[in-house]
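**Student:** Just so you know, the sequences run in chain order A and B. Going left to right, the first sequence walks through residues 1 to 456 as UniProt numbering numbers them. Going left to right, the second sequence walks through residues 1 to 430 as UniProt numbering numbers them.
Each hint can be trusted.
Derived lysine-lysine pairs resembling DSS-like cross-links, with alpha carbons at most 27 Å apart:
no.	chain 1	residue 1	chain 2	residue 2
1	A	LYS363	B	LYS65
2	A	LYS363	A	LYS312
3	B	LYS65	A	LYS312
If you are wondering where the hints come from, they were derived from the structure by calculation, not from laboratory data. None of the values given here were measured: they were computed from a predicted structure.
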Amino acid sequence: MNTTTHRTAEQIGRTEAGPRPLPELGVARLDDPPVRLDVVLENGLRLIAVRQPSVPMVEMRMSIPFAGEAEQHSAVAELLATAMLTGTERRDRVLMDTDLAAVGADLRTVVDPERLRVSGSTLASGLDIFLDVVSDALTSAAYREAEVLGERDRLAERINVARSQPRVIAREALQRRRFGDHPYTREMPRAADVLAVEPAEVRLLHGAAVVPRGATMVLVGDIDLDRIADTVSRALADWHSDRSASVLPQLPLVSGGDLLLVDRPGAVQSQIRLSAQAITRLDPRFPSLQLANVVFGGYFSSRLVENIREDKGYTYSASSSFEYTPQGAVLDVDADTASEVTAAAVLEMRYELGRLGVVPPTKEELDSAREYLIGSLLISTASQGGLAGTLSGLASIGVPLDWLQAHPDRLRAVTPEQVGDAAREFFTPTAFTGVVVGDAETLAVSLRALGGVSLP
Amino acid sequence: MVDHQLHRFTLPNGLRVVLAPDDTAPVVAVSVHYDVGFRSEPEGRTGFAHLFEHLMFQGSESLGKLAHFRHVQGSGGTFNGSTHQDYTDYFEMLPSAALERALFLEADRMRAPKLTEENLRNQVDVVKEEIRLNVLNRPYGGFPWILLPPVLFDTFPNAHNGYGDFTDLEQASVDDCAAFFDTYYAPSNAVLTVAGHLDVAKTTDLVHRHFGDVPARPTPVRPSFAEPVPTTELRGTHVDAHAPLPGIALGYRVPDPVTDLDAYLAYVVLSQVLSDGDSSRLPHRLVHGEALAIEVGAGCGLFQPLDTRDPDAFVATIIHSSDVEQARVLAAFDDELEILASEGPHVDELARVTARWTSALHGEHDRLISRTLAYGAFELLHGRAELSSELPELIGRVTVEHVAAAAKALRPDARAVLTVEPAASAGDAL
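Sequences and hints are given; from them, build the entire structure.
**Tutor:** Set out below in C-alpha cells:
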C-alpha cells in the first residue's frame with residue numbers, strides 16, 4: 001500500500017476506553033394507519049385508495065387475474081403484455097409515451113401465469129391524463145400488425161437472453177420439479193411459441209381477459225379520497241365486460257423428495273433451490289412459521305446465512321422466503337455457490353433445516369426476528385410505492401387489508417413453543433424437494449456421495 | 001419540490017454531518033460516505049476497496065463478527081454498503097426508536113474496526129462468489145461497467161476492474177487493510193447523513209456523543225484522475241461465453257460534473273432525449289422503426305449520472321440480433337446524434353425530460369434511504385446535499401442549444417467502442 005506509516009490491524013481494533021455498551025432502543029412512535037378507501041366500482045373493479053401525500057405523486061398498481069389453461073396461453077399473454085402499450089385507437093406508440101412523459105408519468109405491464117399487472121406513477125397534477133392513458137390502453141389497445149410483429153421478434157430474442165440466465169433455468173427446473181405441468185409453471189414461453197402467435201390472437205385474448213370484474217386497482221399518494229372513486233369511475237367508464245377475470249386452479253401440494261441435478265455444462269457456479277409446502281397468511285400458524293423462517297434463512301442474521309456465507313464463505317447470497325401461490329404458499333430456500341462447494345452447501349442447508357426443529361430458536365433469536373418483521377412492515381409501507389405494492393400484494397391473494405395493522409400484535413403474541421412446533425412441522429429436511437443446476441461432470445461425484453440427489 | 005430543511009455541522013475531528021428531519025413516517029436512515037472508491041485502490045490490488053467494504057461489516061471493538069447485522073435487523077432495520085468509483089457508502093434504515101443504535105454502530109466501526117486474517121479470508125471467498133454470480137456465470141456480466149473502462153481509459157485508476165481479479169483479491173493482506181483504513185477512513189474524509197423522523201438538537205448531541213472521540217487523522221490528499229480524451233476511435237472486444245446476442249457499449253468523455261455541472265447536465269438531458277421511453281429517439285428508430293436493435297440505453301456514468309468526479313463518461317449500450325451488422329447499428333446511432341447536433345431537440349422533448357426527472361426525483365425522495373444516500377453523495381462530491389433537490393430546476397434550464405452542442409461533442413473519432421461477441425450461437429435451449 002502507498003502509505004509510509006500506518007497502525008497495525010491490532011492497534012486499529014482497540015481504543016484506550018475499550019468496548020462500549022450498545023444503546024437501548026428508544027420508544028417507537030405509533031402512527032394511525034392512513035385513511036383508506038376500499039370499494040368495488042360499478043364495472044366490478046375493486047379500487048383501494050390511500051391518501052399519503054408525502055410527495056406530490058400518485059402510485060398505481062393494478063392486478064388482473066389472467067390465468068389460462070391453453071398450451072399457448074403464456075406465449076399469447078406475454079406478447080399481449082409486451083404490446084399493450086404500443087398504441088390504441090386514439091394514440092400511437094409515441095403519443096402514448098409523449099402524453100405520459102408530459103405529466104412525469106410512466107406505465108408498464110408485466111404478466112405471469114396468475115396475473116397481468118399494470119403499474120405506474122404520475123405527478124399528482126397529471127392524474128387525469130395518466131388515468132386517461134390507462135383507460136385507453138385497457139379499452140382500446142390496438143395491437144397494430146406492425147407493432148405486434150416487431151414486439152414479437154424482440155420478445156423472442158429477449159426470451160433467448162433470459163433463458164441463458166442461470167436463475168431462469170433454475171426457476172423453470174424447480175417449478176417442474178414441484179408442480180409438474182400445472183399452468184402455474186408456465187412462467188416464460190418458448191421463443192418458438194411466441195413467434196407462432198398472430199396479432200389477432202392477442203386482440204382476442206385482450207377482449208376476453210383484460211376485464212375489470214375480479215381485478216384490483218391500488219392508488220397511493222397525494223389524492224383526494226372524497227373524489228377518487230368518482231375520478232376513476234369516470235376515467236374507466238368504457239371498461240366493462242360480462243366476464244370475470246380468470247383465476248388459476250389450485251396447485252398440488254409440494255411433497256418432499258430427492259433433489260434433481262440439472263446439467264449446465266461449463267457452469268462455474270451452481271444454483272441450489274429447495275422448496276416445501278407452507279401455509280397462507282390467514283392460517284393461525286402463519287406468524288409462528290414466519291418467525292421460524294426468519295430465524296432459519298429469512299434475513300442476513302439467520303442461521304443459514306451465518307453458516308454458509310459468514311462462516312464458510314460458500315455463497316454471496318442465501319435466503320429462505322415465502323412464495324404465495326394460487327390459494328396457498330410454499331417455502332423457497334435458495335443459494336448460489338461455487339461448483340467445488342455445492343455438495344457441501346447442500347449438506348449444510350439440510351443440516352440447518354433439521355437443526356431448526358431439533359434445536360429450536362432461542363429467545364434472543366426470536367426477539368430479533370420479531371423486531372425485524374415488525375420493522376420491515378414499517379419500512380415497506382413508509383413510501384408511496386412500497387405501500388401501494390404491499391396493499392396490492394395482499395389484495396390479490398384475498399387477505400383483508402387490516403391484516404397489516406394487526407400483524408405486529410400477532411407477531412408479539414407468538415410463543416417460543418409455537419415457533420418450535422412450526423419449525424418441526426414445516427422445516428423437516430424430508431419435506432423439501434428441489435433442484436441443483438450446475439456442471440454435472442464436476443458435481444456428480446460429490447452429490448452422489450451425499451445422497452438424496454437424482455443424477456441425470 | 002418538497003423542500004426538506006437541511007442542517008449541517010462539522011465535528012472537531014473533521015467529520016461532516018448533514019441532518020434532514022422529516023416527520024412523514026416513524027423511520028430514520030443513517031449513512032456514512034467515505035471519500036474513497038475503487039479508483040483509489042493500488043495497482044496489484046484490484047477490487048480492494050470493495051473487499052474492504054465487506055470487512056467493515058465484520059466487527060469492531062464493541063461488536064462481534066456478526067453483531068452489526070444482528071443489531072440492525074434485530075432493531076427492525078435493513079442495511080447495506082456499496083463501493084463506487086469515488087466513494088464507498090454504508091447505510092441503514094430503521095424504526096426511529098433505533099436511531100442511537102445506528103449511530104453507535106457506525107461510530108464503532110469508524111473508530112476501531114476489527115481487521116482479522118480469518119474475516120479477510122472468509123470475505124475474499126464471499127466476494128469471489130459475488131463476482132461469479134454477477135459477472136462470470138451470467139450473460140453480459142460486467143457489461144458495460146467492467147468491460148468499457150479499459151477501452152475508454154488509459155490509466156490504472158480509471159481503466160481497471162473495480163470488482164477485482166481473483167489473484168489480486170487472494171493476495172490482499174491484513175496489513176493492506178490496516179493501511180487502507182488508516183489512510184482513507186479518517187473522520188475528516190467522511191460525511192455522516194441522518195434523515196427522517198429525528199429531533200435536530202437531540203440528534204446533534206447523539207452525533208457528538210458517539211462520533212466525537214473518533215480520533216482525528218490526516219485527511220488524505222485526493223489525487224487527480226484526469227487523463228486526456230481519446231483522439232481516435234478506440235476499439236475493444238470481449239467474448240462472452242453466456243451471451244446469446246452481440247452487444248455494443250459506446251463510451252465518450254463528458255465535462256467535469258463537479259466544476260462544470262451545467263455543461264454536464266446537457267449530456268444528462270441528451271441521454272434522456274435519446275433513450276428514455278418509447279417516444280425517445282433511439283428506441284423509436286433503432287428498436288421500433290428500423291428494427292436494428294433489441295435494446296438500447298444511454299446515460300451518464302457507469303452506474304448513474306452525478307455519481308463521480310472527473311473523469312466521467314457518457315455510455316450507450318445496444319444489444320442487437322446477430323443478423324444485423326454492427327456497422328449498420330452504429331451508423332444509425334451516429335445519424336441520430338448528427339440530427340440532434342444540427343437541429344437540436346424539440347422544446348417539448350425537453351419539457352418531457354424535465355417532467356420525468358421531477359417525478360423520478362419525487363419518487364426517490366419518498367424512499368427515505370434513497371434520499372439519504374443522495375444527500376450524502378452530493379455533500380461528499382459537490383459539498384452541497386441540496387443539489388439533490390435542485391436538479392429538476394437545473395435540468396429545466398438546459399436549452400435546445402446546450403443539448404445540440406452536447407450531441408455534436410459525441411464524436412465517433414473520440415470514443416470507445418466495446419463489442420461483446422457471443423462465444424457460441426445460443427438457441428432456445430432446454
